[in-house]
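Undergrad: Chain order of the listed sequences is X and D.
Numbering-wise, my numbering puts 426 at position 426 of the first sequence, and it's gapless, one number per residue.
Start counting at 1 in the second sequence, then tack on 1000, and there's your number in my numbering.
Just so you know, these hints were derived from the structure itself, not from any lab.
Note that CB positions come from ideal geometry on N, CA and C, so glycine has one too.
There are no misleading hints in this set.
Heads up, simulated SDA-like pairs for lysine to any residue below, C-alpha to C-alpha not over 20 Å straight-line:
#1 X/K220 / D/D1313
#2 X/K170 / D/Y1508
#3 D/K1372 / X/I4
#4 D/K1103 / X/N420
#5 D/K1537 / X/G174
#6 D/K1561 / D/E1496
#7 D/K1159 / D/E1174
#8 D/K1078 / X/V412
#9 D/K1391 / D/G1265
#10 D/K1509 / D/Y1541
#11 X/K177 / D/T1542
#12 D/K1610 / D/D1358
#13 D/K1121 / X/T441
#14 D/K1103 / X/D419
#15 D/K1121 / X/H362
#16 D/K1126 / X/T406
#17 X/K221 / D/D1313
#18 D/K1339 / X/I4
#19 X/K169 / D/Q1511
#20 X/K170 / D/Y1513
#21 D/K1365 / D/I1584
#22 D/K1078 / X/L413
#23 X/K484 / X/E436
Sample of chain X residues lacking proximity to chain D, with all beta carbon distances greater than 12 Å (derived):
#24 F76
#25 E151
#26 G152
#27 K153
#28 D160
#29 N165
#30 K221
#31 L238
#32 E251
#33 K314
#34 L485
#35 L504
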Amino acid sequence: MDPITLEIIRNKLIGITEEMGVSLVRTAYSPNIKERKDCSCAIFDRHGRLIAQAEHIPVHLGAMPFAVKTILDKEFKKGDVFILNDPYLGGTHLPDITLVSPVFDKELIGFVVTRAHHSDVGGKTPGSMPSDSTEIYEEGLIIPPVKIISEGKIQRDIVDLILSNVRTKKEREGDIKAQISANSTGEVRLLDVYRRYPDFDQYTEEILRYSETIVRKELKKMQDIKVRSEDYLEWEKLIKIRVEVEKKNDELFIDFSGTDKEISGNLNCVESITLSSVYYMIIGLMQRDLMINEGCYRPIKVKIPKGTILNAKKPKAVVAGNVETSQRIVDVLMGAFSKIVPERVIAQSQGTMNNIIIGGTHKNRNFTYYETIGGGMGASLFNNGESGVHCHMTNTLNTPIESLETEYPLHVLRYSLRDNSGGSGNHKGGSGIIREIQVLTDCIISIISERREIAPKGLFGGQNAEKGVNLLNGKKIPGKCTLKLKKEDIVTIETPGGGGCGQLDTE
Amino acid sequence: MPTILGADIGGTFTDFILVKDGTVETLKIPSTPQNPAEAVLEGVKRLGKIEYFAHGTTYATNSLIEKKGAKIALITTKGFRDVLEIGRQNRPELYDFFVRKPKPLIDREDRFEVEERIDSKGRVIKQLNEKDLKKLNFDKYEAVTVCLLFSYVNPDHEKKIKELIKIPVSLSSEVLPEFREYERTSTTVINAYVMPAMSNYLSFLENSLNMKIHIIQSNGNTISSKNARIVPAKTILSGPAAGVKAAVFISAMVGFKDVITMDMGGTSCDVSLIENLTPKFTTESIIEGYPIKFPSIDIHTVGAGGGSIAWIDEGLLRVGPESMGAYPGPACYSLGGDKPTVTDANLILGYLPERLADGTELDRKKSFKVIKELGEKINLEPIQTALGILKVTDSNMSNAIRVISVERGYDPRKFSLFVFGGAGPLHSGRIAEEIGVKTILIPRYSGVLSALGTLVSEPACDFVQSRIALLRDCHPLELEDIYRKMEENGRKIIDEVKRIERSMDLRYKGQSYEINIPVTSLDFDKIEKNFDNAHEKLYGYTSTEIELVNLRSKLFGKENKIEIKKAEKRKAENYMREAHFDEIIEVPVYYYDTLSPKMNLKGPCIIEGKETTVLVRSNETASLDEYLNIIMRR
Chain X
1 MDPITLEIIR NKLIGITEEM GVSLVRTAYS PNIKERKDCS CAIFDRHGRL
51 IAQAEHIPVH LGAMPFAVKT ILDKEFKKGD VFILNDPYLG GTHLPDITLV
101 SPVFDKELIG FVVTRAHHSD VGGKTPGSMP SDSTEIYEEG LIIPPVKIIS
151 EGKIQRDIVD LILSNVRTKK EREGDIKAQI SANSTGEVRL LDVYRRYPDF
201 DQYTEEILRY SETIVRKELK KMQDIKVRSE DYLEWEKLIK IRVEVEKKND
251 ELFIDFSGTD KEISGNLNCV ESITLSSVYY MIIGLMQRDL MINEGCYRPI
301 KVKIPKGTIL NAKKPKAVVA GNVETSQRIV DVLMGAFSKI VPERVIAQSQ
351 GTMNNIIIGG THKNRNFTYY ETIGGGMGAS LFNNGESGVH CHMTNTLNTP
401 IESLETEYPL HVLRYSLRDN SGGSGNHKGG SGIIREIQVL TDCIISIISE
451 RREIAPKGLF GGQNAEKGVN LLNGKKIPGK CTLKLKKEDI VTIETPGGGG
501 CGQLDTE
Chain D
1001 MPTILGADIG GTFTDFILVK DGTVETLKIP STPQNPAEAV LEGVKRLGKI
1051 EYFAHGTTYA TNSLIEKKGA KIALITTKGF RDVLEIGRQN RPELYDFFVR
1101 KPKPLIDRED RFEVEERIDS KGRVIKQLNE KDLKKLNFDK YEAVTVCLLF
1151 SYVNPDHEKK IKELIKIPVS LSSEVLPEFR EYERTSTTVI NAYVMPAMSN
1201 YLSFLENSLN MKIHIIQSNG NTISSKNARI VPAKTILSGP AAGVKAAVFI
1251 SAMVGFKDVI TMDMGGTSCD VSLIENLTPK FTTESIIEGY PIKFPSIDIH
1301 TVGAGGGSIA WIDEGLLRVG PESMGAYPGP ACYSLGGDKP TVTDANLILG
1351 YLPERLADGT ELDRKKSFKV IKELGEKINL EPIQTALGIL KVTDSNMSNA
1401 IRVISVERGY DPRKFSLFVF GGAGPLHSGR IAEEIGVKTI LIPRYSGVLS
1451 ALGTLVSEPA CDFVQSRIAL LRDCHPLELE DIYRKMEENG RKIIDEVKRI
1501 ERSMDLRYKG QSYEINIPVT SLDFDKIEKN FDNAHEKLYG YTSTEIELVN
1551 LRSKLFGKEN KIEIKKAEKR KAENYMREAH FDEIIEVPVY YYDTLSPKMN
1601 LKGPCIIEGK ETTVLVRSNE TASLDEYLNI IMRR
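The task is simple: from the sequences and hints, build the whole structure.
TA: Structural data, given as structure tokens:
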């Protein structure tokens, strides 16, 4: 195998996923895609193995292969494109719509895939993020893998069916078109590379081996040990997430047995989300650049018992699994790895995305405002944790106050760091944020937040951070709730800090 | 024609270009980082009497990079002093657990809050608490910046604060009356932060030279040094912007309209797009992690240069992103560099001489040794290894150029490649082929291009005023009034206003990004139609309800016409050297300085100049135009 051609093909494949990404972001309509880059692009080989993925959004990491797997046993021809969002058939949560294009030369050579967070896919609430869903049917339109393009022809009836089920047709159509065009860019480029390098298949085999070797070598440096860790989600009762991680030679065995059952709320995850959190953790632990593909994941065996909150069964609701449970999985894994590689981990971060949805009618116009709020990151053995940022599985931008107040009947009274919310220690955890909003009209607020009962933990003797607090007119309200607000009510969200690391030097 | 001089302070050298009666003289002097003005004054002294002086300087940038700016305070609306620190709440790296954001330029204890509030319509909903303000003591600060919410709609409270404080105050409503509080605050703070240093520097230069100085800004236009002191943050990207302006000038001379510029140096490569002789602009520059909202030429930096290190990564030959930089640099510099770099590969393949035209000695043996060692790890001969390093580098660069073009909505195949910087013309042929570009333009004076850019830039100044409303809800007279006010201010800055370009940033309601649309008259039908067309072209669809976000006005002063004489015929001189073109063969190496207009050279050959070395491969030709610019075709 020629080490030069190998590197060139590797770079070209990464280049293709990036080019698909910029094409998608540029032509998409949803702010989620456009501004927050809540989308992912990937290339798979003919066997459905992930060979390259652009580093866009952690929550899609483990989920892309599932989408391709559901297509593999279906019949398809050149020019077909599949669309899907069913979390139980290759999706994550319903707003994430995935397009899979098989790519043919004379025969099948691989697949290109885009996944993007659409701002509405129907369901009981605008934005398709209901805080109180109990079944997936309430969360929006479910699309199983179907052909949206068949042999190059758009299937208008499928498009119409989708558009009739969403609140913002024009946007949806624009976003889906953007994905189609990104897929087609990927298809053309992949074909270019395939035709230029006759031994393409052997090279992709080597590229998988390359990523695998890096991960194995890094794992080998870590001590062999079996460790356990657990933590809780806050629901009607506390829900346990438990993991056992065994590091043996250059492999990892990650077993979530002992995790609590799925629930009637929407904190459930499908298997792919749990895997995304695992993969995020692994990539972060490597501490070097990594080409994300199936090779990285070969040394890692993951067991997620069916029917638990981490591998729910249809028709459980899942919309908050993506945003909240995924964060807790990282916390639990971080706890386990702190006993394996203490120098590569951090104390618990805020562990929530603090989802706030405010909706209503103002001056005869419906409005829905959705935001997530940052908090503190955990400290490490070497550094303080960062303050006022999104942690781990998300990294979306805030909405500027001057933009928010111009567009919505809302008035922001405070947006500041939350003093003394980071855990103290030899290194201090980052501070949370205080966001205080006054509503200027009667409306409804939905809050999905975590870490309101159990604080983010410190590490190696560092102190715990402050828990988050939600207040209505100064009085405490629950971490997850839907409430009617009166004009001039004030909602205050104080987000959790990050845990401290190491004992405070008292001298 | 007056004698004019352009000077640009780069990292290692301060570059000069003098144009006198159409003849051009260039000069490079080692920069003097302690006081950059010394090198400038030395150059001016050596080049004799001048009547016009234009200058690109990284002085403001350096004080930002080195965190050596002023001690300043910030005053914000009560409840919002941390906006500067929280930023947009995202972290700069996704998969780095230890990630930190850049430290805010103003510490928390130096950020103060005052009770006051203005709403989105500009109505005062809480009066400014002057008593609060009077309690504060700003004695220990060099300056105070003020950024209150919605001050771009109603600046009254900011103005009042300025009246009440005794020391220098800069107001966000004056520096950048544009919405989005974090970016406005950041821009205002950076401006104040670099101001004292820049001001001292410019005063020193003015006093020493005793003449008017024209400073080039990030937007590629000049302003007087007097005004540059008030908005020093507008000069942050002045050097690279000047390079792009020179590219426009030369492309026009040669008859090219659409070019991708590629400036490849020791550690990085700057790429930008010029369409129809107009550079692309951005208002989203980020320097050292801090946003600056002033319009600047859109330049994208890729981390690949002559100093990029080649290494073996689990059986793959990789190049970069680590670089040896200028010190210790490539192994052949003999400054202690012990890693194989791109420059070392170019040297052992015979593309670079062992003695550069500027006298620098390159040690071929040292390059050979490090590349041989690298090759042994993958069972490759040194020559094959060196070729591999270049192939990988050029493939990476091509990918980057492709992604940058697509991101901005362009197909790179429709452009020519405009290549400069020391390392660029060694790589341009392969890169052009890879991205499907047919023609390459390598400018004469490519080593002092930014200095040339300072001379060909006309004075101009950008103004912005946010006004957020559905376009149809605005009255043309109201908008006219806003434009007039901006332009009144502009006339105080630009001496002789020759033309004014008005534009609007528009979007469909609900979107969070804007498109800049030129405005020739306040005919809303026409403006909306132009916006729809632009949106369609960029994003493939149109919508309804067009929202106005910003009004912009750019005032241009008198153009600086420069004429350069055509080059004279000379006797071409060359020597033969071994270099690798498909195999190692002897090829002619031409001295750039001995070439004549309208000469055609067939590859394989090498052109060696004072500032750059050009590789002409077997399937390429190089022809010289009347000014000795090189046009390569495949």
